[in-house]
Each structure stands twice: as C-alpha cells, then as structure tokens.
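*Asks:* Given the sequences, and given the hints that come with them, work out the whole structure.
2 protein chains.
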Amino acid sequence: MLKEISLPSPHDCSDCPIRHRAVCARCDADELEHLDKIKYYRSFEAGQTVVWSGDPMDFVGSVVSGIATLTQTMEDGRTQMVGLLLPSDFVGRPGRDGSAYDVVATTDLVMCCFRKKPFEKMMLETPHIAQRLLEMTLDELDAAREWMLVLGRKTAREKIASLLSIIARRDATLHLRPAQGKVVFDLPLTREAMADYLGLTLETVSRQISALKRDGVIQLEGKRHVTVPDLDRLMDEAGDDSDGGVFA
Amino acid sequence: MLKEISLPSPHDCSDCPIRHRAVCARCDADELEHLDKIKYYRSFEAGQTVVWSGDPMDFVGSVVSGIATLTQTMEDGRTQMVGLLLPSDFVGRPGRDGSAYDVVATTDLVMCCFRKKPFEKMMLETPHIAQRLLEMTLDELDAAREWMLVLGRKTAREKIASLLSIIARRDATLHLRPAQGKVVFDLPLTREAMADYLGLTLETVSRQISALKRDGVIQLEGKRHVTVPDLDRLMDEAGDDSDGGVFA
DNA sequence: AAGCCTCTTTGACCCAGATCAAGCGCGAAC
DNA sequence: GTTCGCGCTTGATCTGGGTCAAAGAGGCTT
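Residue numbers (the UniProt record's numbering), protein chains in the order written: chain A, 1 to 248; chain B, 1 to 248.
Just so you know, the hints here were simulated from the structure itself, not pulled from any lab data.
The beta carbon of each residue, even a glycine, is placed where N, CA and C say it ideally should be.
There could be a bad hint or two in this list.
Residues from chain A that face chain B, not an exhaustive set, calculated with beta carbons under 10 Å [as the list claims (entries may be wrong)]:
no.	residue
1	Thr-79
2	Tyr-101
3	Leu-202
Cβ pair distances, simulated, as ranges [stated by the list, open to error]:
no.	chain 1	residue 1	chain 2	residue 2	range
4	B	Glu-75	A	Glu-221	27 to 35 Å
5	A	Gly-181	B	Ala-29	53 to 61 Å
6	A	Tyr-41	B	Lys-182	27 to 35 Å
*Replies:* Dropping the structure here:
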C-alpha cells in the first residue's frame, strides 16, 4: 500500500483556496482561529484509500485540492459511486463514528481535517458552522436526488452526457469561464470510475464516449482531454432541459 | 382536481404523534410555543399534489400522517421517485423559494406547516431546530445514497426485495415490533409508484412480485396486503448483508 | 528498446428487462 | 345487475446494455 505524503508546509486559513466555499465559509476571524487549533492537513496519493467503509473515523474535514470518491460495495463486488468530492466538499459525518462509505483519492488529494470530538463541540457552540454544514448537506442531497434520476431513468448515452456536462460546468465555474459554448477540460476519472458512477460497465462507457465523439458532440485528445464544442448540445444529449446545476 | 380537505380540529404539540421524531424533536416548551404561532395544518386527499416542481412554496413542514412522494420528471415523461416521505419527515428547503420536486400525497395526508419566512428566522435563533434539521438531512442523504446503489447496481428482483424490506422494517419499528421473523403490512404504493421508485416498469414490478410470491419469500392477500414469513430471507434477496436500516 | 502493466477500445454474442398487447378482478356508478 | 374504469397480471417479442474475448496505446522499468 502507498504511503501517506506529509505536506511540505501547513498553511493559513487566510490564503486557503476553499476559504469561501467550505464548511468554514461563514466563520469570522475568531472562529477561524479556534478551528485552526483543531485542524491539520493530510495528503494522499492518487489511488489511496482515505477511509474504509465501516472503519472508525476520528476526523471530519474538507477537500482542499484534488478529487475523492465515495463508493458503496456489495459483498459480491458490485460497486456504486455515491458521491464525487471536489475541493471544498465536506467529508465525514458529525455524530457518527464509522464511515458509511469507502472514501478514495482519485487524484492526489489534500484534506483539511478537524479532530472529530472538538469539531462536534465547536459545532454546538458555533452556529456559523452548523448553518453552513446544513446548507452544504442540503445541496448534496439535491445532487444525490438529481443523480437518482440519472441512475434510474436515463439511457447510457444520456448518462455519459450528464456526467460530462456536470464536469464541464463545474470546471467552467471553477475557472470563472462562461458555462456555455466551448469548454475544454480533463476527465478526472478512469472509464471504470465513470462506470461505477453511472451504473454501467466500463465497456459501455467506452462505447458511448466513442459514439459521442463520432457524432461530434465531443472531441477527444488522448483518453482524457475533452473538448466540448457546444455545451448546450451536450446538455441536450443529457436529457435535462437546461436547468441542471447539480454540482454548482 | 380534488379539493383540499379542511382539518376538523387543529391539535396541540403535546399530543402530536410525531413530536419526538420531527424537526421540532429537540424543542423545549418555550420553543414549541413559538412554533405554534407560525404553524397550521393542511390535509390532502390521496392522489392530490402538494406542490409542483418549480412552483413557489411559502411554507415548509412535517408529514404528520400519511405518505407523500417526491418525484422528478423529464420532459418526455420519464419519472423517478427520489424520496418517500413518511410521518415526521420534513418537506421543503429553508432558504429556497421553489420546490425542486413534485410532492404528491400517496395516501390521505396531514401536514404540519410552518410559514417559511418566520420559520427561517426562527431557525437562525433556535439552534435546537437547526441541529435537528441537520441530523434529519444527513439521514436523508444516507438514504438517498443507499438508494443510488439500488438504482445503479441491483437486479429487478433485488430492487423489489429492497423496497419491501425497507417498508417492512419501517413498519416494524413504527409499531414497535421486532424487525425480524414474520412481518405483515400493507403496501402504501401502487405498482406504478413502485416502478417509479425502483427505475423499472410496472410490468417488471408485477412479475418480480409474482416471482417472490411463487418462491415463498412473501405471501399476498389481495394486491396490497403482504406477509413476510422471514424478514432475514427477504433481506438476503435484497442483496444487502443485514446492515441496511435506510429509513431507520 | 524491449517488455510490462494499466487503461482503453472494439467486436461478437447473450440476456434481463422494456415494450406491446391481451385479459382479469373488483369496486363504483348507473 | 350490468357496465365502466382502474389497477394489476401475464404472455410474446424486442433490444440496450452486459458479458466474454482480444487487441491497441501509452507510460515505466530495467
């Protein structure tokens, strides 16, 4: 198994890239100082498991950079990804000891962790944190429900288009580019991970990506670098009428 | 369209059947009194729509009795149920004007509604409410993710068994009976609603129910009255290893 | 630069579940 | 008591996506 990387230099909340979106978004200077005392950074290599389902977790935290996945596995090995954790997303559940899912780093990953007990205590005393966490949890619930429609009712082609448009829009907002017209990005997931997210096999994922390429909906350079000439076209293929905004 | 029924007699929080499970579970007497001022009851007939997706909602609230569903619909009519609302479950999202889903009463339904604006104000001032809502939202998120595994990876037979065992366990806990051995209950959903929940067609639902009956996993009296001779057997068929507890 | 290893693509075939189509059973309306 | 309508079942057939199998394409190691 891979070794955990130690972070070269711990940094300060004031220049934290996720300062304004994470669970600490609403905190004032005093509260940040308090958080600072219970926080620490951890880094993981791509492919490393952050927590195993069922294992005790003595921390909660935020993704600072990189991407992690939340997956559930059945005894016979069938797996379903139930969440994609992007920078600023929260990991762990206050008031619960074990993790309900496997959390795996898909890319190199940096997390800002809080020791669980002190964090829980602080949540009770600091409405700003509890409020922000509620808001984030409600957003995740909406995203999960949006995904239930994808899993339950969409065709393979629509599923792929849905995933690509989510990534494309997320990337556009992250880089403050307009979320329409031409979008270019790198796929952060392998075909297998995409299959696990979409409830498909990796062969079907591959075939449908080839089909979308053949039909000019996307262009591919290598296996991962994607160009979407017309985001509206892609979103049409996804079957949702413009709305969307799952991981907004 | 059906008419809304007016409730014969509004009742008091102290003898409310969902007092200890709903969003108000942690409230003390003062807080309940405050809530009482902004609350009102509404009743709906089976089949009636409580809110349409996209429509403005000027209230949030709790299901007091009956069952409601949360569904999403695509332009071409494909629909996916994304939530099953049982007594004590919360409806609506503080801080959002419109409903993201259709909310439909599956049975006759009574709701305890709070005017939205005052409720939002009260949430900011009353940690007990925000804390309980966070807890409930986290539970719903877990349930939604559990359901993603069902939708994405389970076979039709496993899907049916999963739904039946959820209903059976919920019913058992609601009536304080042991959640194992023999369980008897009524299906609160039509075959079509089950299909919408499971991402199947109603024909497949019907066939798989017949198959489970033929195999002795369940017994049916009429279309809706179900006897599960051995809950463990049913849960085996659902494919999850004992754990479960989605709507616990 | 040869050999591996992992990720990916593509082909051939198969099957679970969708679709299309009757028909049943039971309560409500006339 | 007959008819209507709705919810449900069952059969026949079709098909999207799964399964099994082979091979290409980079990137790393030695």
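*Asks:* Are the hints correct? Go through all of them and say.
*Replies:* Do the hints match the structure? See the list:
Interface hint status for A:Thr-79: upheld, as the beta-carbon distance to the closest one in chain B is roughly 7 Å, under 10 Å. Of the supplied interface hints, the one on A:Tyr-101 holds, with its beta-carbon coming within about 7 Å of a beta-carbon of chain B, less than 10 Å. Of the supplied interface hints, the one on A:Leu-202 is violated, with its beta-carbon coming no nearer than about 14 Å to a beta-carbon of chain B, more than 10 Å. In this structure, B:Glu-75 and A:Glu-221 meet the distance hint of 27 to 35 Å, their C-beta atoms being roughly 33 Å apart.
Our hint of 53 to 61 Å for A:Gly-181 and B:Ala-29 holds, since their Cβ atoms are close to 58 Å apart. Under the hint 27 to 35 Å, the C-beta atoms of A:Tyr-41 and B:Lys-182, about 53 Å apart, miss the expected range.
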